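Undergrad: Each chain is listed here by its residues.
There are 2 protein chains.
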Amino acid sequence: MAACTVYSTLSLKTNCFISTPSSKTHYGFHHKQIVLYTTSKRHNKRVNNPYVITCAASDSQTVVIGLAADSGCGKSTFMRRLTSVFGGTAEPPKGGNPDSNTLISDTTTVICLDDYHSLDRTGRKEKGVTALDPRANDFDLMYEQVKAIKDGISVQKPIYNHVTGLLDPPELIKPPKILVIEGLHPMYDARVRDLLDFSIYLDISNEVKFAWKIQRDMAERGHSLESIKASIEARKPDFDAYIDPQKQYADAVIEVLPTELIPDDNEGKILRVRLIQKEGVKNFSPVYLFDDGSTISWIPCGRKLTCSYPGIKFAYGPDAYYGNEVSIVEMDGQFDRLDELIYVESHLSNLSSKFYGEVTQQMLKHADFPGSNNGTGLFQTIVGLKIRELYEQLVASRAQSPVKAAKA
Amino acid sequence: MAACTVYSTLSLKTNCFISTPSSKTHYGFHHKQIVLYTTSKRHNKRVNNPYVITCAASDSQTVVIGLAADSGCGKSTFMRRLTSVFGGTAEPPKGGNPDSNTLISDTTTVICLDDYHSLDRTGRKEKGVTALDPRANDFDLMYEQVKAIKDGISVQKPIYNHVTGLLDPPELIKPPKILVIEGLHPMYDARVRDLLDFSIYLDISNEVKFAWKIQRDMAERGHSLESIKASIEARKPDFDAYIDPQKQYADAVIEVLPTELIPDDNEGKILRVRLIQKEGVKNFSPVYLFDDGSTISWIPCGRKLTCSYPGIKFAYGPDAYYGNEVSIVEMDGQFDRLDELIYVESHLSNLSSKFYGEVTQQMLKHADFPGSNNGTGLFQTIVGLKIRELYEQLVASRAQSPVKAAKA
Numbered sequence: 104m105a106a107c108t109v110y111s112t113l114s115l116k117t118n119c120f121i122s123t124p125s126s127k128t129h130y131g132f133h134h135k136q137i138v139l140y141t142t143s144k145r146h147n148k149r150v151n152n153p154y155v156i157t158c159a160a161s162d163s164q165t166v167v168i169g170l171a172a173d174s175g176c177g178k179s180t181f182m183r184r185l186t187s188v189f190g191g192t193a194e195p196p197k198g199g200n201p202d203s204n205t206l207i208s209d210t211t212t213v214i215c216l217d218d219y220h221s222l223d224r225t226g227r228k229e230k231g232v233t234a235l236d237p238r239a240n241d242f243d244l245m246y247e248q249v250k251a252i253k254d255g256i257s258v259q260k261p262i263y264n265h266v267t268g269l270l271d272p273p274e275l276i277k278p279p280k281i282l283v284i285e286g287l288h289p290m291y292d293a294r295v296r297d298l299l300d301f302s303i304y305l306d307i308s309n310e311v312k313f314a315w316k317i318q319r320d321m322a323e324r325g326h327s328l329e330s331i332k333a334s335i336e337a338r339k340p341d342f343d344a345y346i347d348p349q350k351q352y353a354d355a356v357i358e359v360l361p362t363e364l365i366p367d368d369n370e371g372k373i374l375r376v377r378l379i380q381k382e383g384v385k386n387f388s389p390v391y392l393f394d395d396g397s398t399i400s401w402i403p404c405g406r407k408l409t410c411s412y413p414g415i416k417f418a419y420g421p422d423a424y425y426g427n428e429v430s431i432v433e434m435d436g437q438f439d440r441l442d443e444l445i446y447v448e449s450h451l452s453n454l455s456s457k458f459y460g461e462v463t464q465q466m467l468k469h470a471d472f473p474g475s476n477n478g479t480g481l482f483q484t485i486v487g488l489k490i491r492e493l494y495e496q497l498v499a500s501r502a503q504s505p506v507k508a509a510k511a
Numbered sequence: 104m105a106a107c108t109v110y111s112t113l114s115l116k117t118n119c120f121i122s123t124p125s126s127k128t129h130y131g132f133h134h135k136q137i138v139l140y141t142t143s144k145r146h147n148k149r150v151n152n153p154y155v156i157t158c159a160a161s162d163s164q165t166v167v168i169g170l171a172a173d174s175g176c177g178k179s180t181f182m183r184r185l186t187s188v189f190g191g192t193a194e195p196p197k198g199g200n201p202d203s204n205t206l207i208s209d210t211t212t213v214i215c216l217d218d219y220h221s222l223d224r225t226g227r228k229e230k231g232v233t234a235l236d237p238r239a240n241d242f243d244l245m246y247e248q249v250k251a252i253k254d255g256i257s258v259q260k261p262i263y264n265h266v267t268g269l270l271d272p273p274e275l276i277k278p279p280k281i282l283v284i285e286g287l288h289p290m291y292d293a294r295v296r297d298l299l300d301f302s303i304y305l306d307i308s309n310e311v312k313f314a315w316k317i318q319r320d321m322a323e324r325g326h327s328l329e330s331i332k333a334s335i336e337a338r339k340p341d342f343d344a345y346i347d348p349q350k351q352y353a354d355a356v357i358e359v360l361p362t363e364l365i366p367d368d369n370e371g372k373i374l375r376v377r378l379i380q381k382e383g384v385k386n387f388s389p390v391y392l393f394d395d396g397s398t399i400s401w402i403p404c405g406r407k408l409t410c411s412y413p414g415i416k417f418a419y420g421p422d423a424y425y426g427n428e429v430s431i432v433e434m435d436g437q438f439d440r441l442d443e444l445i446y447v448e449s450h451l452s453n454l455s456s457k458f459y460g461e462v463t464q465q466m467l468k469h470a471d472f473p474g475s476n477n478g479t480g481l482f483q484t485i486v487g488l489k490i491r492e493l494y495e496q497l498v499a500s501r502a503q504s505p506v507k508a509a510k511a
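Just so you know, the protein sequences line up as chains A and B, in that order.
With the numbering used here, you'll find the first sequence wraps up at 511, consecutive numbering, no jumps.
With the numbering used here, you'll find the second sequence wraps up at 511, consecutive numbering, no jumps.
Incorrect hints may appear among the rest.
Identical copies look the same in the list; a pair holds intra-copy or inter-copy alike.
Capping the alpha-carbon separation at 35 Å, the derived lysine-lysine pairs in DSBU-like fashion look like this [claimed, not checked]:
no.: 1; residue 1: 197; residue 2: 468
no.: 2; residue 1: 372; residue 2: 416
no.: 3; residue 1: 350; residue 2: 407
no.: 4; residue 1: 230; residue 2: 350
no.: 5; residue 1: 407; residue 2: 385
no.: 6; residue 1: 457; residue 2: 312
no.: 7; residue 1: 228; residue 2: 385
no.: 8; residue 1: 457; residue 2: 253
no.: 9; residue 1: 457; residue 2: 407
no.: 10; residue 1: 350; residue 2: 416
no.: 11; residue 1: 457; residue 2: 230
no.: 12; residue 1: 253; residue 2: 277
no.: 13; residue 1: 253; residue 2: 228
no.: 14; residue 1: 230; residue 2: 253
no.: 15; residue 1: 416; residue 2: 385
no.: 16; residue 1: 312; residue 2: 372
no.: 17; residue 1: 468; residue 2: 350
It should be emphasised that the hints constitute simulated quantities derived from the structure, not laboratory data.
Remember, predicted model here, so these are calculated numbers, not experimental data.
Using the sequences and the accompanying hints, generate a full structural model.
TA: Listed below in structure tokens is the structure:
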């Protein structure tokens, strides 16, 4: 197969184009498909696996959402909630690698950024770097492929096999309506970050992370308390250096903290969850409680709702977050019953729901998902509605001025 | 003039009747007028001054409002605000005693319960009792006359002259649409209490009372700090024994406290004011903030309103007060500007206003009254609207079932 080296930006017909590739990437052309090889020595097991890039049939661009979080922090639950908002069910690519990390529905494709690990498990051990370390990840390829998809071009995305710890042969990713890139580094690389139409950071506090890990790794997997502590401590320096700083770029942060309703609680079962929403983001209008821009606390348990101990407390207000103006909605505690949720929903504004009670309906539909009775589920669902609205507004604005949108 | 002693309840024609008088009261009849003497030896200066009681022309009963508060605690400002809600101006009775304590407008008549002092200043000194002591007040006469007015009968009410400290000859009080009895003991006597259609207690905390007295008595009247302290201390035992306990009976309490926005504030200039509203009172629907029955705090200063230091903070929630279920609206801080007040008004519900902005309009109209920029003015105005609504509802319900109403 013929291959040529291209260093300049290539504009294809219609809305397809490719930006400057990394120095080690070679392109070949076949009709409207672009075959993309890497000759990188980092990829021991798949040298010369071709990446096929195809132009999209339609003029509509893919909307790209970034979701950052540590592993085991509820990203997959969030993705299931998001997909559900669009009415579909997310499934792995049909007939592909059974260990694929990708989830595809009618509207959304969720890819896991672990697939851009440049070092497999053995490689990381040899070099003494963690998966959190940027040196274990190929940001050039991540950028190129996300950009290609955004521009309507299919790509052959690598697969990192979490079972074997190896880099498997790539899978074809066609441009969906909404591409979600989820993982450790969606906002780390400035080029990738600039491709995002909306970005979310799931920020689980150390106390809660510890409580969750204990529950999962100790109770379900038989790990010792010491080994769990050691594993968290070992990850911490890289996490603080490379993952945590991304939250300053997020349009929305879901922060999960221990409850303040029970003094000195360290069970980590009852959660205080904050939805930190950046102001001034196009097509994103922050949710508020009662009075936009003021500072409010609200305990809905009273004459109308009787909540069991320790109750539920909401808060809302403007704040500053990494130098950005934000609005924060907070929920501490958990729901006992359905009518509590619909009651709360009726007092939140700017929910981006399509009918009264949609948030409650979504939460009830997935009552078995983790966090359905607390702020994690509530705010994930709300962010899902926000993303749907953002998508619809972007599509509408592009339909109005396609030339302008293609240039944007 | 003929006089007869009556011990039984007398029912007059139409809706007039008189209940059992005290053993020292004598009645004489002249057409539809009742001439009432007292032969009490307590009233040295006006033995045989006749009290004339006349039947009301209409069938509508007078609505009676009780307002309890210590002297110098803003009762007169409150009364001016209340009168203003009904559109009139309150003035002393025309051509009467220039030292009369009564204020009359088209709709309301405000009488001061000091007029029912049974001992004048000299008498109190001789017996060693304060004006706060029930023994210095004639509750039998208070009850009889308030009852008579409520039943549509004019009375000759005594006058306590605050300038001379003497009991002056009485003045004629005709039954108004609304009678307000204001003073130290409107809810002390169970019989008087039962006549009240609505009752209010102005509860000024000791810290604020002290700050106010210092400002008035020291700055304006040249009293010394020591004499002010001594005067407050001297009143305290009787105040605690006879005045303060009345607040348990009040349908609404306006509680005035030092601000909590400034730590350790003792200036008494910025106030935290609470409107404590009893639940389950007929024709009185408590004001609430955002969500009826829940617990809320609200700082309206934010993106829309910029408040100067120390800002404004509202709170709302259900509570218990002397064993009664109440709803409390609280305002801490003060308004800088007009738009702040209209903004606050737009977020309060159940205000009983007749049009949007009526509270703000009333407050602006009397911007020169004390407390117009803080919770005392706001809650006095709101209580005024509440009384107007209560009056209109009572009148409407009586019009629907006049027989039932006359018996009630």
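Undergrad: Would you mind marking each hint as holding or not holding in the structure?
TA: Against the structure, the hints:
{"no.": "1", "hint": "197 <-> 468", "result": "within (25 Å within a copy, 74 Å between copies)"}
{"no.": "2", "hint": "372 <-> 416", "result": "both (16 Å within a copy, 32 Å between copies)"}
{"no.": "3", "hint": "350 <-> 407", "result": "between (38 Å within a copy, 27 Å between copies)"}
{"no.": "4", "hint": "230 <-> 350", "result": "within (28 Å within a copy, 77 Å between copies)"}
{"no.": "5", "hint": "407 <-> 385", "result": "between (37 Å within a copy, 20 Å between copies)"}
{"no.": "6", "hint": "457 <-> 312", "result": "within (34 Å within a copy, 55 Å between copies)"}
{"no.": "7", "hint": "228 <-> 385", "result": "neither (43 Å within a copy, 77 Å between copies)"}
{"no.": "8", "hint": "457 <-> 253", "result": "within (27 Å within a copy, 57 Å between copies)"}
{"no.": "9", "hint": "457 <-> 407", "result": "both (26 Å within a copy, 27 Å between copies)"}
{"no.": "10", "hint": "350 <-> 416", "result": "both (25 Å within a copy, 31 Å between copies)"}
{"no.": "11", "hint": "457 <-> 230", "result": "neither (51 Å within a copy, 77 Å between copies)"}
{"no.": "12", "hint": "253 <-> 277", "result": "within (10 Å within a copy, 85 Å between copies)"}
{"no.": "13", "hint": "253 <-> 228", "result": "within (34 Å within a copy, 93 Å between copies)"}
{"no.": "14", "hint": "230 <-> 253", "result": "within (33 Å within a copy, 95 Å between copies)"}
{"no.": "15", "hint": "416 <-> 385", "result": "both (30 Å within a copy, 32 Å between copies)"}
{"no.": "16", "hint": "312 <-> 372", "result": "within (11 Å within a copy, 48 Å between copies)"}
{"no.": "17", "hint": "468 <-> 350", "result": "within (30 Å within a copy, 51 Å between copies)"}
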